[in-house]
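One line per chain: the protein sequences are U and D, in this order.
As numbered in numbering that gives the first Met the number 0, the first sequence has no gaps in its residue numbers, which increase by one up to the final residue, 320.
As numbered in numbering that gives the first Met the number 0, the second sequence has no gaps in its residue numbers, which increase by one up to the final residue, 364.
Calculated from the structure, these hints are not laboratory results.
Hints should not be assumed to be uniformly reliable.
Partial list, derived from the structure: chain D residues whose beta carbon lies under 10 Å from chain U [unchecked claim]:
| hint | residue |
| --- | --- |
| 1 | HIS41 |
| 2 | GLY45 |
| 3 | GLY312 |
Label-pair ranges, simulated between beta-carbon atoms [to be verified]:
| hint | chain 1 | residue 1 | chain 2 | residue 2 | range |
| --- | --- | --- | --- | --- | --- |
| 4 | U | ALA78 | D | ALA213 | 38 to 46 Å |
| 5 | D | HIS189 | U | GLY275 | 24 to 32 Å |
| 6 | D | GLY23 | U | ALA78 | 58 to 66 Å |
| 7 | U | LEU287 | D | ASN273 | 20 to 28 Å |
| 8 | U | ARG270 | D | GLN316 | 53 to 61 Å |
| 9 | D | GLY163 | U | PRO141 | 44 to 52 Å |
| 10 | D | GLY190 | U | LEU287 | 43 to 51 Å |
| 11 | D | GLY163 | U | LEU287 | 33 to 41 Å |
The model shown is predicted, which means the values in this text are computed figures rather than measured ones.
Here a beta-carbon is modelled for each residue, glycine too, at the ideal position from N, C-alpha and C.
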Amino acid sequence: MNNSLLVVLVANGIGFGTPLLYASLGELLAERSGVLNLGVEGMMLIGAVTGFWTVERFHASTGAALAAAVGVAALAGAATSLIHAFLVITLRASQIVSGLALTIFAGAAGLSSYFGNDFNLGENPARHTFHTVFPASWQRWPIVGPIVFGHNVLVYVSWALVVLVSLYLTRTRLGLNLRAVGDAPAAADAMGINVAAYRYAHVLVGGALAGVAGATFTLAITPQWVDGITGGAGWIAIALVIFAFWRPELCLVGAYFFGALQDLAPELQARGIHLGPTALWTNTLPYLMTIVVLVLVSASSTRRWLGAPAALGTPYVREER
Amino acid sequence: MVAVPAASLVFAFFASGLVLLATGHNALSSYRRLFDAAFLNHGALGDTLVSATPLAFTGLAAAAAFRMRLFNIGGEGQLYIGAITAAAAGLYFGGSGGPSAFAIAAMVAAGCAGGAAWALIPGILRAFFRTNEIIVSLMLNYVAGYLLTYLIFNSQSYFRQTTGFNASVFPTSKELPSSAVWPAATVHVHGGVALPLGAGLAVLAAVLLWVLYARTRFGFEATVLGDSPRAARYAGMRTRRKIVAVMAISGAIAGLGGASQDGDFRHTLDADPNGLQRQFYGYSGIVVAALARYNPLAVLLVAFLIGGLQNAGNSLQGPDFPAGLVGVMQGIILFSALGGELLVRYRVRVRRRDRAGAAPAPEAT
């Protein structure tokens, strides 16, 4: 039963979807504050390379090394996002061009590749990797075994994070303030909320989560370093935020759905099932579905109802209030 | 006019120098070798043109759209689609013998049409549904990339070589017939510099684009639409048509860049994951356009400079010159061009905090 296509897809979809979930939760927080950050792919790669570097060079027990690696990846991701935050919040530069610049700067042909090559990280598999948490006998239980108990600790932390972000946005004062900053910065400013501080904080948290997402690749999914190892996952994460209507719980559903799609082509092939050009449509479906969702949300009436932050992408200029 | 781009370049070299120093390299000697490899070494200029030609196309494509504040960042995908359609035309119309004007013209037309069609998807969605063209064009880059890979690696398409020994070992694409290979003029200086036909087409496209924006009603209206959509609407300008037309022009230029990749340089439809798709010409084109401040003629010059950087980065890649430095520099160039632009627009005044504790704010002039 645990080898049936559906169970395998859900279980693997959770594994492949975890970096998408971390990155999209981070992007969601940044976008809820009104800042679009197209640099996710770059920040993820910085997290991936620095996390990998840490487990290679930091000699400690597996647990300590991995914890340090995730911490370093988060810090590096946050530091990278600081460039974007400074340019778009303080200097009010175009969020689109700045985000793209961040991906060019840090991405597959940029700083992450520079670090990887300069420190010769591409040679070996990771010295420490994340493994499944629960005993093997639990993982053999029908259905819930692979789906619930078959994962590493990063997956379970991401589940807690979804709950936390969801509670934060709907149940805490800070979260409500954040939504005010993203929807009506002038009104938020008048209420005495420091718009710039909120935006900085959430862009940085977004960067940290993107860094963790990148480390998920190099420490769990494919434990090694290759230039551009994330393979466009950062862009899928940006798409996912739109796809999930800016809601954390839908980010989880979408991330696992897109994750399962990544696994669909090899699974179908292994089972000898042919459904047209599988490699083409499974890979492109996340992007095509996002375009469809974008068209649906672009009518202004549905846009508000679906939860797009009203001030997304626009700098806040106090003098023009 | 020139101060911001020039200062951006200087700052980028300075900041990347810090990266080099921090990782234990000698920045000055690295730059020396970079400059030599880009422009001075034997045959360097020819190689620089190979990198500069596609950047000129993608830079012009970005400049054409960004001028009107249409953020077409789909140049990457439009270039792939142009390469696919142009390769189809070249394979279909080309024959043996020397370069045939008909086959080349067919490739140019097909490349433009393919790129334009791909750009029309975000263009039409933006014009009629007010869908964000940035995200749509970006998503389509990946769709185009997967399509390109699929045509050679996962299918028995028209473009794939299906006979011969190599084809049975590794998926390869068909070579273009010899009459579909674009000619190049050789200038006999410094060991011979090949001027590809594509470089000439890029210059032509730049001039046409400059005329369009500086000398025609269409270009004027597009600029007004970008700067002040409201004024344009009151003046009765047709917003939707213009969005669709500008996106088509932008995509056509990027698609032409794809055709030039087939005809000038690769002589096949390059779907190798480490080939065309690792060059990121579309994204670098945005750096080129921003540094040229969306001026088509300046795009040519900047494309040459950035092309030199890219060429040097490729040829120097090795233990004491880590790959990735070029991307770092391009990113910093774009950051500083962005920051510099704002320093020009806003006069920054530093004031002491007054008693109420108001933060010093940059003043809009």
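Now for the hints, and whether the structure bears them out:
For the restraint placing HIS41 (chain D) at the interface with chain U, the shortest Cβ-Cβ distance is roughly 26 Å, beyond the 10 Å limit, so the hint is violated. At its closest, the beta carbon of GLY45 (chain D) sits 22 Å from a beta carbon of chain U; the interface hint therefore is violated under the 10 Å criterion. With its C-beta approaching chain U no nearer than about 9 Å, GLY312 (chain D) sits inside the 10 Å limit, and its interface hint holds. Hint check: ALA78 (chain U) to ALA213 (chain D), Cβ distance near 43 Å, so the stated range 38 to 46 Å holds.
Distance hint check for HIS189 (chain D) and GLY275 (chain U): the Cβ-Cβ separation is about 53 Å, which falls outside the suggested range of 24 to 32 Å. Restraint check, GLY23 (chain D) to ALA78 (chain U): a C-beta distance of roughly 20 Å breaks the suggested window 58 to 66 Å. For the hinted restraint 20 to 28 Å between LEU287 (chain U) and ASN273 (chain D), the CB-CB distance of approximately 26 Å keeps it satisfied. Range check, ARG270 (chain U) to GLN316 (chain D): about 42 Å between beta-carbon atoms, so the 53 to 61 Å window is missed.
Here the CB-CB span from GLY163 (chain D) to PRO141 (chain U) is close to 50 Å, well matched to the stated 44 to 52 Å. About 48 Å separates the C-beta atoms of GLY190 (chain D) and LEU287 (chain U), a value consistent with the hinted range of 43 to 51 Å. Distance hint for GLY163 (chain D) and LEU287 (chain U): a CB-CB separation of about 35 Å, consistent with the stated range 33 to 41 Å.
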